[in-house]
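Asker: Chain residues, written in single-letter form:
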Amino acid sequence: MNIAVLVKQVPDPNAVRFDARAGNILPGTSQVPNEYDLAAAEAAVRLAETFDGVEIVVATLGNARESLNRCLAMGVDRAVAIESPSDHLDSLATARILASWLKTGSFDLILTGQEASDGGTGNVAPQLAALLGLPIVSNVIGLEYQNSELTLKREIEDGHQVVTTRTPAVLSVLTALNEPRHPTLKGIMGARRKPTETVKPDVPAQELQPVQSWGSLFAEEQTIAGIMIQDEEPEAAVDKLMAFLEEHKLLES
Amino acid sequence: MSNNVLIFTERGEDGDVRASTAELFGVGGSLADELGGSLVAAIFGGETQAPVAHVAELGADRILTANDPALAEITVDGYSRALDAAIDAADPAIVLLSGTTAGRDLAAYAAAKRGAAHLVDAVHVSLEGDDVVVRRPVFQGKLQTEARARRDQIVFITVRSGSYSPLERQANRTVDAETLPVEINPDDLRVKVVELLESKAGSANLEAADVVVIGGRGLGEAQNFELAAKLAEAFDGAVGATRAVSDLGWRPHSDQVGQTGRTIAPKLYIGVGVSGAVQHTVGMRGSELVVAINRDPDAPIFKLADFGIVGDLFEVVPILTERVRQARSQ
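Going line by line, the protein sequences match chains A and B.
Here the first sequence stands for residues 109 to 361, where the numbers follow the numbering used here.
Here the second sequence stands for residues 878 to 1207, where the numbers follow the numbering used here.
Hints may contain errors.
Said to hold, decoys possible - Examples of chain B residues toward chain A, derived with CB under 8 angstroms: (1) D954; (2) D982; (3) V997; (4) F1016; (5) Q1021; (6) A1024; (7) R1025; (8) N1062; (9) R1067; (10) G1126; (11) R1128; (12) A1182; (13) F1184.
Said to hold, decoys possible - Under the rule of at most 20 angstroms between Cα atoms (straight-line distance), these lysine to aspartate or glutamate pairs were calculated in the DMTMM-like manner: (14) K1069/B - E315/A; (15) K990/B - D1029/B; (16) K1069/B - D945/B; (17) K211/A - E315/A; (18) K348/A - E360/A; (19) K211/A - E163/A; (20) K1069/B - D216/A; (21) K1069/B - E950/B; (22) K1069/B - E257/A; (23) K348/A - E1192/B; (24) K1107/B - E1192/B; (25) K1107/B - E360/A; (26) K357/A - D1183/B; (27) K1144/B - E360/A; (28) K357/A - E1199/B; (29) K1107/B - D347/A; (30) K348/A - E1199/B; (31) K357/A - D1029/B; (32) K1107/B - E343/A; (33) K348/A - E890/B; (34) K261/A - E890/B.
No wet-lab data here; the hints were simulated from the structure.
The beta carbon of each residue, even a glycine, is placed where N, CA and C say it ideally should be.
Looking at chain B on its own, in the form it has when it is part of the complex (with noise of 0.2 angstroms):
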């Protein structure tokens, strides 16, 4: 049985790791320790120095790097080709992976290719035995199970973003990265990337702002909208919409705070017919105060409510609207 364990190194807008991908070396480093093998790092395209020096950081004991002009933009079919070759040269036991859509389409894709299990979106990863078992929520976050699979042969698992604090980087460790050969014919990459529309920079304070109001799919209708629109701006905060508003075409993507889209930590979020799916509270558990209004007892976002309010937020949210405007303008 082999025991490394290999990261495909995602990398972000500016090239450098992924926040997402930075939080896999402390879990990462834990599992090759326990293993007894070591922790191999793997990064594709172009550019690589920053993410060479930053995976060096964080505790990587080796670094593998392919660089191919079919490798400037992630597609699974020309990172499938990659990490095939990073996998050949790592031998490793387990493959980890962020939790994003690139990171799920790879290990799905990899794993089928070889027979081999992808357990997704794990929150913790542990060994057991000759096993590898992850957590990870189901029923859109409403439960958890534990998903395993045994070490005989390779497993991936792709973790989900924020179960993980990001290990302090060591400066000044460095490792020397090895080149893969890697070549792929441009005639391979079946599905070509256009552009990028709508990039998440740039659009309203979010990140920002002391005040968060968060409207969810509870508001039944785009229109509806306003009524957690006037409450932030009661506040003078921000408005930000979930996964499921966003996938509706309510709100637009640059406003949707989750997995796919922003994370905020404000000292008062407000969730307005939240229901609490993971997609979306990855990116709102770093918040201090969380209050929520909703109808369904049984959310799950009044499990992370310092205050919850079962009720008709139509109801509700217009008299608090209305009585936060009074008392701040006193």
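For reference, chain A alone in the conformation it holds in the complex (with noise of 0.2 angstroms):
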């Protein structure tokens, strides 16, 4: 079984600072694996523990270097970069050149994240299986395979859904599949040795011109004018959430 897991790499959300001046976040933001994608590849390598002559390919739009060495030492085994040709992709033109490259292999399995913690489309998944005509299944929290036949629990608005599907198929993964496996010193040693390829891709470039465009980035308009306590011991804070909860007559049994 040949499974493909698709990574982006993302400004880590727990740093992602707001420059008003610039409409942009911060430079300099360290960047890190996107969370749901690493719940992609943790999957992707729990598959290969069980089953026998998996081959694991990891691979991201753009420079993602630490990304893929990431993928590499968590148990993947070889990593392919692919050459951005734009700064300017939407995710239409994103799918498109990852949907060339995934051709070019015979993948059973295109595993990613549901969404990036970034853009966060979503769109990337299902328009993949628009274009390599392959049935998806988002929102994945449980998987199970079995002779070419998946089965899957997704999240959705009602509750946890239980569907079958057979591959080659497309999941996009919620971080409550698994745990993803923190790489091994052995393993970040091994990463080092496995391959990893650059590729231009092959896509005509009026398939790239984007059918949507973003402007610059603005903070929510703040809405309420609340109390902040901030510096405080606790005992004080206390104090002055006590005081408002009775002044709202919250306290009364």
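Using the supplied hints, reconstruct the complex from the two chains, each of which is provided in its own coordinate frame.
Answerer: Encoded structure:
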């Protein structure tokens, strides 16, 4: 079984700070692999541990060396960095580039995270399914595989839905699926010997023309002028909160 | 350029129009008026009487239905066929869908098939010249941006639930539904729905409680959820969780408040270690008073908070719990 894991490298969501003047996040924010994508990598590695003859390739668009190395250290077999032809790709162009690379292999399973923590459109997985003519299962939180059949648990609005499908398929996963392993020293050392290849996308320029564009970033308008308690001892902060609750008659039994 | 607006009418467990879809009719109607076109609703599956009547009362000018055994459950394979037929019949400039799991899959899939734009997670939709512009949250709700697409081809938009208020239903407004000729080979459904587990009905009294304490990822690990539960108990309130927490499996999905969970509107909401990602806050915006306790002063929850404490919840919450218990026992 051949598995492709698609990973995006994103600004660390815990370190993102807004630069109002630039209308962007502060430059130099540390980059990390998108959290949902690591759950996809972990799912692939677990399949390789359970079944014989599984090969896992992790791919990313653009420069994301650390994220690729992280996946290699987790147990992925090889990595592919697809050169980004433009800084202004929308999700459809991204999906077209990834699809053109995926067509060069014969993958039974294409695994990725539900959405990225930065742009977060969640478009790429269903778009890949459409472009590759494959089934899509999104919001995956449980995965079982046997004889080309996948039994998947999904999180949807009404609860947990169980579906089945056959490979080849595209799956986008949530963090509830698993807990991605921390790479061991041995894994990290081993990753250095694993092949990483750089490929140029083979997509005509007119297919990369964006169909949507974004403006600069802005912070949500502050709608509530609430009371903020900062740099106070816990007891003093709670005193003030109790007074607030009292005033709003929220402590009556 | 076409000028109609098509709404994909998602149906809930009861078969009627989902609340998140009912919200689309106000903005859909305004867009259709501005474009000089009509508002068309597409409803798939059987037993369409209730949703047909409902969308007519919400102002649909035209109603398209499709029924086939393959449309009994929402699947991308089945519903994208029916949506294709509705798009052929309605010739829309804009297709609006709820920002649900199904809506987002379907819109992205259908848009990619056409080489069209899918603008996701819109909290506001408007027209500017030949563009459709949406405002949407990015960076997990910490920031926003405007995304735009040209109307020279069809544009798909999924709208974040809770972004628009539902319209008042116009009693006795009726529209005759047209039936689309949709036939689907059951073998074309590559994903089969087996069952639905852990339906959200029937668990804790989250919707009814006057005080709801929500535990977020800041609690650090599953066992620390007890801190939130004890605070809720001190108020005789209910305890719920954010999406991040149910994603991590710390709490069952049925306790989740937010986009794929439940919607609450208590007198007092207390977020403990809740960052305020939009996936959660769409489910609590109706709360009368919001209290937030979080270590990160930049956490978006503080923007919604009437009272915020920037501090260590492991210190603050036990003290607060004890004080509330004392105050309420007097």
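Asker: Determine for every hint whether it applies to the structure shown.
Answerer: Taking the hints in turn, this is what the structure says about them:
Evaluation of the D954/B hint against chain A yields a held restraint, the C-beta minimum of about 7 angstroms falling below 8 angstroms. Proximity of D982/B to chain A holds as hinted, the smallest CB-CB distance being about 5 angstroms (cut-off 8 angstroms). With 8 angstroms as the threshold, the beta carbon of V997/B comes within range of chain A, its nearest partner Cβ sitting at about 5 angstroms, so the hint holds. Because the beta carbon of F1016/B sits about 5 angstroms from the nearest beta carbon in chain A, less than 8 angstroms, this interface hint is met.
The beta carbon of Q1021/B comes within 6 angstroms of a beta carbon in chain A, closer than 8 angstroms, and the hint placing it at the interface holds. With a least beta-carbon distance of about 5 angstroms to chain A, the hint placing A1024/B at the interface is held under the 8 angstroms criterion. Residue-level restraint check for R1025/B holds (minimum Cβ-Cβ distance to chain A is 6 angstroms; threshold 8 angstroms). With a cut of 8 angstroms, the hint placing N1062/B at the interface with chain A is violated, because the nearest CB-to-CB distance is about 15 angstroms.
At its closest, the beta carbon of R1067/B sits 4 angstroms from a beta carbon of chain A; the interface hint therefore holds under the 8 angstroms criterion. Because the smallest distance between the Cβ of G1126/B and any Cβ of chain A comes to about 5 angstroms, under 8 angstroms, the interface hint for this residue holds. A distance limit of 8 angstroms between C-beta atoms decides the matter here; for R1128/B the minimum to chain A is near 11 angstroms, and the interface restraint is violated. Because the closest C-beta pair between A1182/B and chain A is about 5 angstroms apart, less than 8 angstroms, the hint holds.
Hint status for F1184/B relative to chain A: holds, with the closest Cβ pair at about 5 angstroms, below 8 angstroms. Straight-line distance between C-alpha atoms of K1069/B and E315/A comes to about 33 angstroms, which puts the hinted pair past the 20 angstroms bound. Simply put, K990/B and D1029/B have alpha-carbon atoms about 16 angstroms apart, close enough for the 20 angstroms limit, and the pair holds. In summary, the hint linking K1069/B to D945/B is supported, as the alpha carbons are separated by about 15 angstroms, within the 20 angstroms threshold.
A threshold of 20 angstroms between alpha carbons decides the hint, and for K211/A with E315/A the separation of about 16 angstroms falls inside it, so the pair holds. For the hint linking K348/A to E360/A, the alpha-carbon distance of about 17 angstroms falls within 20 angstroms, and the restraint holds. Taken as a hint, the K211/A and E163/A pair is honoured in the structure, with Cα atoms around 16 angstroms apart against an allowance of 20 angstroms. Among the hinted pairs, K1069/B with D216/A is consistent with the structure: their alpha-carbon atoms are about 18 angstroms apart, no more than 20 angstroms.
A distance of roughly 9 angstroms separates the Cα atoms of K1069/B and E950/B; the hinted pair therefore holds under the 20 angstroms criterion. For the hint linking K1069/B to E257/A, the alpha-carbon distance of about 11 angstroms falls within 20 angstroms, and the restraint holds. Only pairs whose Cα atoms come within 20 angstroms are accepted, and K348/A paired with E1192/B is accepted, the gap being roughly 15 angstroms. For the hint pairing K1107/B with E1192/B, the CA-to-CA distance comes to about 14 angstroms; that is within 20 angstroms, so the pair holds.
Of the supplied pair hints, the one linking K1107/B and E360/A holds, its CA atoms being roughly 17 angstroms apart against a limit of 20 angstroms. Note on K357/A and D1183/B: the hinted pairing holds, with a Cα-Cα distance of about 15 angstroms set against a maximum of 20 angstroms. Annotation: proposed proximity of K1144/B to E360/A holds, straight-line Cα distance about 13 angstroms (limit 20 angstroms). Straight-line distance between C-alpha atoms of K357/A and E1199/B comes to about 18 angstroms, which keeps the hinted pair within the 20 angstroms bound.
With a C-alpha separation of about 19 angstroms, the suggested pairing of K1107/B with D347/A holds against the 20 angstroms cut-off. For the suggested pair K348/A and E1199/B, the alpha carbons sit about 15 angstroms apart, so the restraint of at most 20 angstroms is met. Between K357/A and D1029/B the CA atoms are separated by roughly 56 angstroms; this puts the pair beyond 20 angstroms, and the hint is violated. Between K1107/B and E343/A the CA atoms are separated by roughly 18 angstroms; this keeps the pair inside 20 angstroms, and the hint holds.
For the hint linking K348/A to E890/B, the alpha-carbon distance of about 44 angstroms lies beyond 20 angstroms, and the restraint is violated. Straight-line distance between C-alpha atoms of K261/A and E890/B comes to about 18 angstroms, which keeps the hinted pair within the 20 angstroms bound.
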